[in-house]
Amino acid sequence: MSKIELRNITHIYESGGEKTQAVKDVNLTLEEGTSNALIGPSGCGKTTLLNIISGLLTPTEGKVLIDGEDVTELPPQDRDVAQVFQFPVVYDSMDVYGNLAFPLRNRDVPKEEIKERVQETAELLGLVDKLHDNPGNFGPEWSQLVSLGRGIIRHDTTALLFDEPMTDVDPGRKLTLRRRISQAQQRLKVTSLYVTHDQHEALTFADKAAVMNQGQIVQYGSPEKLYEQPVSTFVGNFIGSPGMNFIDCVATDSKLKVGSFEIPISDEIKDLLDPSWTSLQVGIRPYQIDIADEQREDKPISTTVTLTEHLGSYRIITLKLPEIDKEIKAEVPLDEQVEVGDEKFIGLNQENIRLFHEGQAIENGGE
Amino acid sequence: MKNRAWWFLIPSLAVMSLSAFIPLMTVINYAQYTVFPGSAPQFVGMENFVEVFQDSVFIGSLGRQVLFSFEVLLIEIPLGLGIALALPKKGKWVGWSLVLLGVPLLIPWNVVGIIWRVFTRSDLGAVPKIFQWLGYGGYNAASNPGDAWWTVVTMDVWHWTPLVVLLCYAGIQAIPEEFYRAAKIDGASAWAKFRYVTLPKLKHALILAVLLRFMDSFKIYAEPFQLTGGGPGNSTTFLSIYTSRKAIGGFNMGMGAAISIVYFFLVILLSWLLYTIMLNVGGGSSK
Ligand SMILES: Nc1ncnc2c1ncn2[C@@H]1O[C@H](COP(=O)(O)OP(=O)(O)OP(=O)(O)O)[C@@H](O)[C@H]1O
Ligand SMILES: [Mg+2]
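Those sequence lines, one after another, are chains B and P.
Just so you know, we're using my numbering here: the first sequence kicks off at 1 and counts up by one.
Just so you know, we're using my numbering here: the second sequence kicks off at 1 and counts up by one.
What the hints contain is simulated information worked out from the structure, not anything from laboratory work.
Just so you know, nobody snuck in bad clues.
Keeping only pairs whose Cα atoms sit at most 25 Å apart, straight-line, the calculated SDA-like set for lysine to any residue is:
| no. | chain 1 | residue 1 | chain 2 | residue 2 |
| --- | --- | --- | --- | --- |
| 1 | B | Lys111 | P | Phe194 |
| 2 | B | Lys189 | P | Lys184 |
| 3 | B | Lys208 | B | Leu177 |
| 4 | P | Lys184 | B | Leu131 |
| 5 | B | Lys19 | P | Val94 |
| 6 | P | Lys92 | B | Glu14 |
| 7 | B | Lys111 | P | Lys184 |
| 8 | P | Lys89 | B | Thr47 |
| 9 | P | Lys184 | B | Ile12 |
| 10 | P | Lys193 | B | Asp133 |
| 11 | P | Lys203 | B | Arg105 |
| 12 | P | Lys184 | B | Val109 |
| 13 | P | Lys193 | P | Ala170 |
| 14 | P | Lys184 | B | Glu14 |
Bound-form chain P, shown alone (with noise of 0.2 Å):
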């Protein structure tokens, strides 16, 4: 290595060694045992993730988990962009309309399962009374799992459709002028300029936006951890739910681990799947 710089980034490797290869390779060792505190470790090989397949739990919690991932991003996507392009471009009303929008951002994530779970109560949160005075007098988030499903995801599009709004807003005003000019001049109609202009433009602030809203939604825990704690029954058990239930609930550090492993690859080779996808379409631009 004759180039200086390589020393620069021993700092940075230390710290990602620390944080996230050690971690990761211990629970790669982890996954391989059936680990219950306070018993010596029993050597399973690759059994643990034998038994996570066959788990129907699972099975469910990832189909739900899938689901609910595919849902928010279709709400929050198109939400957020149409929020965006709704957004002022400029005047006096873009700071105030930034800092309202960042609001939900801003507010820590188990403040926001309080919240919720006050404003769904069936005693006397606001939700029910609402949904009540609009001829649906049987909502209950903690015995019906529809329900419970739906606010979960209300939670989240609320939480994050700002952060969409956010990167989409923010590409938008990198739009330089004259691309619209021109297309006046081309005679574009509205719809013209938004699919050959604003669209294409967009393109690397979707991918983001797509990439970070999937990531995280596939982890989501706090809401209906707080909401329900992932009930009723099992309608609201994410993968992330099911993991900590085993892992710290069950006291099955081996099979938590074996989870986490198949988990942590089910996220890559989805975002890798999702950035593909959309790399390619759009045509052109794809260079």
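Looking at chain B on its own, in the form it has when it is part of the complex (with noise of 0.2 Å):
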């Protein structure tokens, strides 16, 4: 139950001579008792940067504070950081009960209070009827358990870190996972970071979440935040499936047009625009677009259909837009007639739309 700071940090990795630069000047502020998650693209630091909070990595820059101490040289045993990796790891050597046990035999605790701690951990997990079961043998979800356990049952437990736990997992069986999982993190209210490279897991399991893309966080915020005002065409079309379309536009004399339509734009919009950015990008969700068979006032741009997939209790859309030869995704309900090369019109409406410029947020949805 700690706040965890992470202040300027970058790691390079040398091997062989060659220099990895995988966290670039990283700032996140983990609040006491929140469930963060981390998500990212592969390869772009997730991993590093959850071992330089646990302390199995030193970073090459920057500082990691627990509760405001400075933690950044401390080795792992002495954070009492929990970490759950991608790979399973129990101890086959010992029952499940060993495994409960190794980290509190390690720090000598006396063994009523072991037998105590691991009763605990165990009824809150579930394990109870495996407590003398070799773990060698389970598949990786009940391993996974196991490993969490070992992480939850040190009452001083600072953080729970969990690096894709579900890779793994049957799909099948991520569902009771991660319930378990959100539970033990509720009832124990321990500051958490779920590492992962699945949105939906991340936006059902966490409060907040850090965007994170070659080496730096991108965005941190409430999942709702990170959909609705991403920060950035990368965040736009990291979040959400489809993610967010992307439209090249024209500016001219504080007008932005897309091919010969014109997009409405309010004036404190306009007050933010540069005058000497010539072309901007406009965003919209694939859910913000409406289609209509005729062409109108509110939906003046002509556009072809191009595919359709069926999503169950609703449609994806491709629609090319001829005059600048780009294609869009909508969400149409199942109800609507959509046929490959149909005629459609669609409209940019002016409060679904963000701008952006070079790839960044015009305006920040006041952060």
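Fit chain to chain and form the complex, with the hints in mind.
Right, dumping it as structure tokens:
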């Protein structure tokens, strides 16, 4: 139950004379008792950042603070940070009891107390009837629970870190494991950070999520915020499936045009536009695109349907804007009549769009 | 046999029967005769076996053999494991260390014998000189049973510890780094990491090393034969030397065959015993 702060963390790996900058100047504060997610594409530095928090790695630059105390140089065993790895780790030379007791035995906790705490932890995680089984024979979902148990059995656990714990777990079992993890987190109110590259997992688990790209945290906020107000085209595209659409537009005399259509924008936004900018991107979520069969004042842009995909309770259609040769995706209800080749009309409504210049959002929606 | 796959086994079965099964059958047959070259074989039934077990030289060789194998295992396994743990895990030194360690394994057995015979010669060898310098002047493998014994043990350790090192080293390299990361987070001491991560993960490599070294050392022949021919006296006469002495030196093929069979079953029995014991130590991981 602690506040975790990362201050200007940079990490460079050196192997065989080759340098890889895995983390670049990251600043992040995880408030006490919150559950957080860290999402980003493969290789963006998530694991590296996690290992820096737990102490498995010492950052090349920057500081790690736990409750305001600088722990950058402390080894993992003195930080009391629990970490569950992508690859489930159980000690198969001991039974589940032995596994759970291991961190306590290493700290010379008295036998009686170990017994009590093992019982307590096993109850919390639903491991009671497996205490004397060999975890070497467990599937990944149970192994991960044992691994989590070893992390939370210490009463002084400052933070819980998960590194893509679902990777090896069967799709059908993921839900149960996720629920157990959430329960444990809520009961113990431990500050936690959950790494994944699956945004659904991240957004269901966490109060706040950090999006990482190429070693940097590009946005940290609530799931709604990330979805509605992405700070960059990267976040807009990464969060949501399909991601946000981006349409190039031309700025002249503080007017924005997509092809020959002018996009209406408010005066406030007009004030934010730099006169020297000549091209911008309009971002719009697929669910915010309404289609119409006839051209109307609010739906002036002509498009052609090039693909329709049935996704259960709705459909995703791909629309081509012939004038600028651009394809976008729109979410439409199942009862809407759409065939490939149809002409449909869309509008870019000013309440729904967000403007980006060189990939960065123009207004940040008041951070 | 509906399964076509069985047909593919025929070549290997044919080779096996030529190389193992037929000779074994011949030996079992021989063992029941008194066979001296040049005279007709005489059927004697189990007599050869009885005679083997009544021969004090056989019993002596067997005792020495068991003692030798266990001494060699007790030295080579911990030593090999220790060296494997001390070797660098990555970097430019890995290749060099492995090549250096592999050298003894690459030397043909007869050369090993010659090398050590020269080393230990009382007139010009390095070993007696070193012992003299250390204050033990009387080293002489040719006349002193204790010296001969420990020299053979040393030869075997020198020759075969690298094999144990390589097996353990491969095993260590195969342990995922995550186990050590988790152990670090769990606050494990260096000893706890070794005891609960490294050792259990090396169990199979160690079983393999023990079995290979046991079977091989139990058949040791070249080293004592080259060094002193099994002497002085019978002090380095192991089972294989005893067998060949009986069969070839004594021209008693039937007797030799009987000893071979006893020898064969001893190797199987003891290997099985070792395997079973090792599989069951360390508790949980036996499944
Ligand atoms: N030990 C290492 N030595 C050198 N480079 C490394 C090392 N570990 C990671 N890297 C590099 O650092 C970058 C970040 O790696 P990291 O493992 O933190 O990414 P990740 O976000 O966890 O990726 P994934 O989703 O695949 O797990 C990658 O480019 C990777 O190749
Ligand atoms: Mg990773």
